[in-house]
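Sequence lines, in order, name chains A and B.
Residues in the first sequence are numbered from 1 upward in steps of one, following the numbering used here.
Residues in the second sequence are numbered from 1 upward in steps of one, following the numbering used here.
I should point out that these hints are in silico values taken from the structure, not numbers from a laboratory.
It cannot be assumed that every hint is accurate.
To be verified - In silico EDC-like links for lysine to aspartate or glutamate, alpha-carbon gap of 20 Å or less:
{"hint": "1", "chain 1": "A", "residue 1": "LYS243", "chain 2": "B", "residue 2": "ASP81"}
{"hint": "2", "chain 1": "A", "residue 1": "LYS243", "chain 2": "B", "residue 2": "GLU207"}
{"hint": "3", "chain 1": "B", "residue 1": "LYS243", "chain 2": "A", "residue 2": "GLU295"}
Stated by the list, open to error - Residues from chain A that keep clear of chain B, each with C-beta distances beyond 10 Å, as calculated:
{"hint": "4", "residue": "ALA18"}
{"hint": "5", "residue": "GLN22"}
{"hint": "6", "residue": "PHE27"}
{"hint": "7", "residue": "GLY118"}
{"hint": "8", "residue": "GLU207"}
{"hint": "9", "residue": "HIS231"}
{"hint": "10", "residue": "ARG236"}
{"hint": "11", "residue": "HIS263"}
{"hint": "12", "residue": "ALA335"}
What the hints assert, rightly or not - Some chain A residues judged to face chain B by a derived CB distance under 7 Å, without partners named:
{"hint": "13", "residue": "VAL38"}
{"hint": "14", "residue": "CYS183"}
{"hint": "15", "residue": "ASN184"}
{"hint": "16", "residue": "GLY191"}
{"hint": "17", "residue": "ASN196"}
{"hint": "18", "residue": "MET203"}
{"hint": "19", "residue": "TYR230"}
{"hint": "20", "residue": "PRO275"}
Here a beta-carbon is modelled for each residue, glycine too, at the ideal position from N, C-alpha and C.
There are 2 protein chains.
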Amino acid sequence: MIIDCHGHYTTAPRSLEAYRRQQAALFPDAAKLAALEVPRFSDDQLRDSIESGQLRIQQERGVDLTLFSPRAAGMSHHIGDAATSASWSILCNDLIARICRMHPRHFVGVAQLPQSPGVAPANCIPELVRCVEELGFVGCNLNPDPSGGHWKEPPLTDRWWYPLYEKMVELDVPAMIHVSASCNPAFHTAGAHYLNGDTTAFMQLVEGNLFRDFPTLRFVIPHGGGAVPYHWGRFRGLALDLKQPPLAEHLLRNVFFDTCVYHQPGIDLLARVIPTDNVLFASEIIGAVQGIDPETGHYFDDTRRYIDAVPWLSAEDRAKIFEANARRVYPRLNAWLDLHGYHPP
Amino acid sequence: MIIDCHGHYTTAPRSLEAYRRQQAALFPDAAKLAALEVPRFSDDQLRDSIESGQLRIQQERGVDLTLFSPRAAGMSHHIGDAATSASWSILCNDLIARICRMHPRHFVGVAQLPQSPGVAPANCIPELVRCVEELGFVGCNLNPDPSGGHWKEPPLTDRWWYPLYEKMVELDVPAMIHVSASCNPAFHTAGAHYLNGDTTAFMQLVEGNLFRDFPTLRFVIPHGGGAVPYHWGRFRGLALDLKQPPLAEHLLRNVFFDTCVYHQPGIDLLARVIPTDNVLFASEIIGAVQGIDPETGHYFDDTRRYIDAVPWLSAEDRAKIFEANARRVYPRLNAWLDLHGYHPP
Chain A
1 MIIDCHGHYT TAPRSLEAYR RQQAALFPDA AKLAALEVPR FSDDQLRDSI ESGQLRIQQE
61 RGVDLTLFSP RAAGMSHHIG DAATSASWSI LCNDLIARIC RMHPRHFVGV AQLPQSPGVA
121 PANCIPELVR CVEELGFVGC NLNPDPSGGH WKEPPLTDRW WYPLYEKMVE LDVPAMIHVS
181 ASCNPAFHTA GAHYLNGDTT AFMQLVEGNL FRDFPTLRFV IPHGGGAVPY HWGRFRGLAL
241 DLKQPPLAEH LLRNVFFDTC VYHQPGIDLL ARVIPTDNVL FASEIIGAVQ GIDPETGHYF
301 DDTRRYIDAV PWLSAEDRAK IFEANARRVY PRLNAWLDLH GYHPP
Chain B
1 MIIDCHGHYT TAPRSLEAYR RQQAALFPDA AKLAALEVPR FSDDQLRDSI ESGQLRIQQE
61 RGVDLTLFSP RAAGMSHHIG DAATSASWSI LCNDLIARIC RMHPRHFVGV AQLPQSPGVA
121 PANCIPELVR CVEELGFVGC NLNPDPSGGH WKEPPLTDRW WYPLYEKMVE LDVPAMIHVS
181 ASCNPAFHTA GAHYLNGDTT AFMQLVEGNL FRDFPTLRFV IPHGGGAVPY HWGRFRGLAL
241 DLKQPPLAEH LLRNVFFDTC VYHQPGIDLL ARVIPTDNVL FASEIIGAVQ GIDPETGHYF
301 DDTRRYIDAV PWLSAEDRAK IFEANARRVY PRLNAWLDLH GYHPP
């Protein structure tokens, strides 16, 4: 089977975004925020949005199941405060849960966390527990920069984040390290801030010793790891200069890269540099780049084609990238797949 | 011949840094700053620092000439104000000029600019003119984030920067877009901030239309372009989504990438994705990564080996990357090379 570990619900009904805009506009007026009507969506609305969107495309491409989370740019943790972030996250996660219940063979949930700038991430624990234990989610998205491009939080290796990590380890769920929309005009969201977030997070992990404290904590770095695999020699060299262990030992038991890299040479490099055990298939369908590549005639984000075209990958390698690694990094996925009629690998 | 377009004077006598620390500590006490003694260096001190450092290594590697500028992390435009930045830049540029006069066949100058957060970059024009017209420098380093990791300046496409660009065009000198030290704990200087700066700058150029206004302005993006070549499909797709022309037409007459990528797969990708006319040889000797790669037994930053090993590059391609592109992007280099006994290509 083919599992896409990185999909966002970018085709949600428009009134969802309208609600969020109202919430941002009313903040910090608590009375008006309390009176703001939460939008309701019919099953038909949700079904239409997904069956004409992500589900149609993933089926055309032969992708069985997507790990599905709320729109990354929509998380916008910099808007409002912890309370607005909490109500917004609950609303978004509940929509994901409904999509997953409608199409459990095709979607499984990944949680948005109610982070807020300067608020200790321990505040995300109740929503993480709810998503995993009540809604059946298998992972979460963790934003290393809830300020939206101003980078004011401590590095991911700081004890600031530890209570959340403790709960993730206890629940056995990984986090994809994914920033949200940039509100800094220097950074284009999908063209700079996302890739910078990936590179920054990885280098924080190189500098620190997080996995000594959390040997079973697992992070997925999206967008093919930002600049990291292209500069793998630089990072290996920096680790040496910093007297850290070799990266394979220091990080690669805990850190994984997705395949959201939108051309063949990039995927070839990823597959050449990063061990196959650390690469998880992903596309971000209807995501950052939505057009057709005039050089190939195929959608930029049709990443399955690139992986199929890497000449030196064996059938076993592809099975790891497409399925086995996702089952290993997101262990709760196995029970979900069993429950919904997939055969064990 | 082989021209390295990216070298910094990282081996300057230690009292230079000590002076800078004092300057930072005394700021903003104008009287004490005025009384601070500017360090003086003998020719022998400078000669030793360079002959045992960059010059020795570049000669061992068969590199003829390096475009040499003050230490990138040392620019630290976030320290002090425009006045401290000006005196610091003059001091650093003068040292570069002395090195270049000692070894004119091996070093030519590239200017540090006296940028300061929130100060219009027009303030850099006098020092740029001095460096080019009096000291014989052939280019400058332009910091898109003088705040040191807080990213508070307008994008490089904003009119904020135009007076400086007008002078660069008039002098016919390009800029390498190079951030300086990060004072934001989220960003490791060489492992995150540098690469993010490269990616961010490129995406600002994708979004804007700077080269419509300045058709002969030229930028070099260092460190192999940050994340850009690895994500070339993403950037081509984003340009399409933004209704911009194809990148070749939109940017590649004006934007060039250096080869500071410290492993073979990265250089292979760069050479595969970016047209040969847009790639300039560079190493950053005694720079970000100073060790030996245990996988190859050679220094990580010995980038000449990687370029020599790209199987599909022709002799003509290599001549462009090693020499001709640098002469084209930095046209003032030709007169310097003529003057110092190099034969035209």
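Hints and how they fare:
| no. | hint | result |
| --- | --- | --- |
| 1 | A:LYS243 <-> B:ASP81 | violated (35 Å) |
| 2 | A:LYS243 <-> B:GLU207 | violated (40 Å) |
| 3 | B:LYS243 <-> A:GLU295 | holds (17 Å) |
| 4 | ALA18 | holds (23 Å) |
| 5 | GLN22 | holds (27 Å) |
| 6 | PHE27 | holds (24 Å) |
| 7 | GLY118 | holds (14 Å) |
| 8 | GLU207 | violated (6 Å) |
| 9 | HIS231 | violated (6 Å) |
| 10 | ARG236 | violated (7 Å) |
| 11 | HIS263 | violated (3 Å) |
| 12 | ALA335 | holds (34 Å) |
| 13 | VAL38 | violated (32 Å) |
| 14 | CYS183 | violated (11 Å) |
| 15 | ASN184 | holds (6 Å) |
| 16 | GLY191 | holds (4 Å) |
| 17 | ASN196 | holds (4 Å) |
| 18 | MET203 | holds (4 Å) |
| 19 | TYR230 | holds (4 Å) |
| 20 | PRO275 | violated (13 Å) |
Hints 1, 2, 8, 9, 10, 11, 13, 14 and 20, counting from the list given before, are not met by this structure.
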